[in-house]
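**Q** Take a look at the letters that make up each chain.
Number of protein chains: 2
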Amino acid sequence: MNQKSGKASMKPEQPVYILNSASIVGTKEGQGPLGLLFDKVGEDDLFGCATWEEAECTLQKEAVGLALDKAGLKPEDISFIFAGDLLGQSMATSFGISTYQIPLLGVYGACSTCGETLTLGVMSIAGGFADKCICVTSSHFASAEKEFRFPLEYGNQRPLSATWTVTGSGAFVLGSEAAGVHGKARARITGMTVGKVVDYGLKDSMNMGACMAPAAAATLEQHFKDFDTVPEAYDKIITGDLGKVGQRVLIDLLRDKGYDISEQHMDCGIEIFDGESQDTHAGGSGCGCSAVTLSAYVLKQLEEGNWKKILFLPTGALLSKTSFNEGMSVPGIAHGVVIESIG
Amino acid sequence: MNQKSGKASMKPEQPVYILNSASIVGTKEGQGPLGLLFDKVGEDDLFGCATWEEAECTLQKEAVGLALDKAGLKPEDISFIFAGDLLGQSMATSFGISTYQIPLLGVYGACSTCGETLTLGVMSIAGGFADKCICVTSSHFASAEKEFRFPLEYGNQRPLSATWTVTGSGAFVLGSEAAGVHGKARARITGMTVGKVVDYGLKDSMNMGACMAPAAAATLEQHFKDFDTVPEAYDKIITGDLGKVGQRVLIDLLRDKGYDISEQHMDCGIEIFDGESQDTHAGGSGCGCSAVTLSAYVLKQLEEGNWKKILFLPTGALLSKTSFNEGMSVPGIAHGVVIESIG
Chain A
1 MNQKSGKASM
11 KPEQPVYILN
21 SASIVGTKEG
31 QGPLGLLFDK
41 VGEDDLFGCA
51 TWEEAECTLQ
61 KEAVGLALDK
71 AGLKPEDISF
81 IFAGDLLGQS
91 MATSFGISTY
101 QIPLLGVYGA
111 CSTCGETLTL
121 GVMSIAGGFA
131 DKCICVTSSH
141 FASAEKEFRF
151 PLEYGNQRPL
161 SATWTVTGSG
171 AFVLGSEAAG
181 VHGKARARIT
191 GMTVGKVVDY
201 GLKDSMNMGA
211 CMAPAAAATL
221 EQHFKDFDTV
231 PEAYDKIITG
241 DLGKVGQRVL
251 IDLLRDKGYD
261 ISEQHMDCGI
271 EIFDGESQDT
281 HAGGSGCGCS
291 AVTLSAYVLK
301 QLEEGNWKKI
311 LFLPTGALLS
321 KTSFNEGMSV
331 PGIAHGVVIE
341 SIG
Chain B
1 MNQKSGKASM
11 KPEQPVYILN
21 SASIVGTKEG
31 QGPLGLLFDK
41 VGEDDLFGCA
51 TWEEAECTLQ
61 KEAVGLALDK
71 AGLKPEDISF
81 IFAGDLLGQS
91 MATSFGISTY
101 QIPLLGVYGA
111 CSTCGETLTL
121 GVMSIAGGFA
131 DKCICVTSSH
141 FASAEKEFRF
151 PLEYGNQRPL
161 SATWTVTGSG
171 AFVLGSEAAG
181 VHGKARARIT
191 GMTVGKVVDY
201 GLKDSMNMGA
211 CMAPAAAATL
221 EQHFKDFDTV
231 PEAYDKIITG
241 DLGKVGQRVL
251 IDLLRDKGYD
261 ISEQHMDCGI
271 EIFDGESQDT
281 HAGGSGCGCS
291 AVTLSAYVLK
301 QLEEGNWKKI
311 LFLPTGALLS
321 KTSFNEGMSV
331 PGIAHGVVIE
341 SIG
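One line per chain: the protein sequences are A and B, in this order. Once you know that position 312 of the first sequence is 312 in the numbering used here, the rest is easy, because the numbers rise by one and skip nothing. Once you know that position 157 of the second sequence is 157 in the numbering used here, the rest is easy, because the numbers rise by one and skip nothing.
By construction, these hints were calculated from the structure, which means they are not laboratory data. Where hints are given, some of them may not hold.
If several chains are the same, the list does not tell them apart, and a pair holds so long as it fits within one copy or across any two.
To be verified - Result set (DSS-like, lysine-lysine): computed pairs, CA atoms no more than 27 Å apart in a straight line:
(1) Lys225 <-> Lys184
(2) Lys300 <-> Lys40
(3) Lys70 <-> Lys4
(4) Lys7 <-> Lys184
(5) Lys321 <-> Lys146
(6) Lys203 <-> Lys146
(7) Lys225 <-> Lys146
(8) Lys321 <-> Lys203
(9) Lys7 <-> Lys236
(10) Lys300 <-> Lys236
(11) Lys309 <-> Lys184
(12) Lys308 <-> Lys244
(13) Lys40 <-> Lys70
(14) Lys70 <-> Lys7
(15) Lys225 <-> Lys74
These figures come from a predicted structure and were not determined experimentally.
The task is simple: from the sequences and hints, build the whole structure.
**A** Put into structure tokens, the structure is as follows:
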């Protein structure tokens, strides 16, 4: 039987499989350490569009199309699409994927959204309500800077604690069968922990790693308790976009709670760019960061047997231009998903 | 067994119950035709806060608190909260309900969000992943005008096709038992139809009823097919906020598809204000409109046996300030939820 596990976690009776997935990124991500692993790298960051927002719509559209192709499926094979992005009123989602005409359940969890879409996708399939689902998220450096910070033309200087929003989109096709017309599935999802809003009162939108780390720590502690497990049970514990500052805060906070994750911890934002040569400071961030890293790099490690079991924990900073301008803090949220190799 | 029904619908094996619910509204809504039915009417629309956004946060917080009280439950009795609003990055949700420390799954579907939260809440409970859930949405006239249109101080004139964003929040406690510590449940949810993005290319953000009506028509047609049913099977078919213009468009579009809903159709936006005396033009709108009307008026009719079975269909216009300014259209989406009296 599917079950609630502890206070905030869930365990599907049967695992739900990631049948296939796709990643598409911008030029800068293509030049980074994971560059060769992405399915598609854009020639320029407008992706043939007139605006940054349209470019981000195109990212979602292409990621979903590619994921469907790789899985050998058509839009009509998909029951629901769970999707989200960072823009006001989820603009990239509303305009990006409508061509597929798949029933849409829109999601918002800032940069934790990839974890939330996977959680809901698993619930819908393991609950018997869907055959196959797609989970997709995106972000775009230029649309995000415009939405949250300063116009690019202003040439604002960024402190070393700032992260660089990833231009990219990752899409995942979920289903209940380990193998089928889609070939062999890439991995299986065996548990989820839903996060709460955690607010330490930090107000610096140029240091989102520190703002999100307490939420990541809270979800991790809850996860270990709910599943009665320890960090050593995972080959990797992979946060979304804490960056180098947030990573230190997370490891310290968890040490205070009695957990040492320093051996297992990895952060998608730290992996995706070379901070030194790419001038990205603390690391990458955005809804697209964890999604493309999961699709291109993490699932590959699971497929190749380098890792057996990981905890994927996208982290979100719940700020808006309005909340920032009104002097409010930047609360965080993080959702955890247990992903295992098919073996 | 829970099941997918047709192309876009779901049927839980056992109904999920609306254990209790609460509504809180602003002064104008309190003066409207449903005014006496709401649980709480604010004395002024700032609800004691310094900004419109904080006021909307307070709406969500109070609606959830009231719903918990009425159900005799505490925050720790709730597995998950599904929540959303209209503001950029769902600000009212991020800051409004964090005090309860309930694991949060944030949702965005514009004004269809209330239907989406109920759909996901039912999935989580019927799927065995949650004991009890809360679904909450909100909107606020002043924060919405600022987010989507003009500063209030500008005194912009509004065409007759415009709607008036409802200041209010509705919260619903869902569970699997018809009766318990929470008393007798208010109603039960027996089916859901998830909508697609439907874009007829309309660009008038002052006529959102016309923008959303094609999406409502598409979801209704899909619903009738998926459940092999007809409009006459429902005592009422209740859209969220089409208003008077959208209502005419919806009825006409469905007539072309072979369905006549003119007898059953009701719109929360038309019910909540007296357009003549309250100068609200086509009707009320917003995430809060359908939520407070469902809680205060629709569930009461089901409890009193005046209606046995209704289809609740909140409708959303997927626009943002950015999409509007970039000349894009206003696509719509609508999610349907079948609600029946306990009997």
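**Q** Against each hint, give a clear statement of whether it holds in the structure.
**A** Going through the hints against the structure:
In this assembly of identical chains, the alpha carbons of Lys225 and Lys184 never lie at most 27 Å apart, being 33 Å within a copy and 34 Å across copies at closest. Proximity of Lys300 to Lys40 under the C-alpha cut-off of 27 Å is restricted to the intra-copy arrangement: shortest distance 16 Å within a copy versus 54 Å between copies. Taking the shortest Cα distances, Lys70 and Lys4 sit within 27 Å of each other only across copies (25 Å), while inside one copy they are farther apart (33 Å). Within a single copy, Lys7 and Lys184 get their C-alpha atoms only as close as 34 Å, which misses the 27 Å cut-off; across copies the closest is 26 Å, which meets it.
With identical chains, the CA atoms of Lys321 and Lys146 are at most 27 Å apart both within one copy (10 Å) and between copies (13 Å). When the C-alpha separation of Lys203 and Lys146 is checked against a cutoff of 27 Å, the pair qualifies both within a copy, at 19 Å, and between copies, at 23 Å. In this homomeric assembly, Lys225 and Lys146 never come within 27 Å of each other (Cα to Cα): the closest approach is 40 Å inside a single copy and 43 Å across copies. When the C-alpha separation of Lys321 and Lys203 is checked against a cutoff of 27 Å, the pair qualifies both within a copy, at 12 Å, and between copies, at 25 Å.
Within a single copy, Lys7 and Lys236 get their C-alpha atoms as close as 23 Å, which meets the 27 Å cut-off; across copies the closest is 38 Å, which misses it. For the homomeric pair Lys300 and Lys236, the shortest alpha-carbon distance inside one copy (13 Å) is at most 27 Å, but the shortest distance between copies (51 Å) is not. In this assembly of identical chains, Lys309 and Lys184 lie within 27 Å of each other by CA distance solely inside one copy; the values are 18 Å within and 44 Å between copies. Proximity of Lys308 to Lys244 under the C-alpha cut-off of 27 Å is restricted to the intra-copy arrangement: shortest distance 25 Å within a copy versus 58 Å between copies.
Taking the shortest Cα distances, Lys40 and Lys70 sit within 27 Å of each other inside one copy (13 Å), while across copies they are farther apart (53 Å). Taking the shortest alpha-carbon separations for Lys70 and Lys7, only the inter-copy value of 23 Å comes in at or below 27 Å, while the best intra-copy value is 37 Å. In this assembly of identical chains, the alpha carbons of Lys225 and Lys74 lie at most 27 Å apart only when taken from different copies (21 Å versus 40 Å within one copy).
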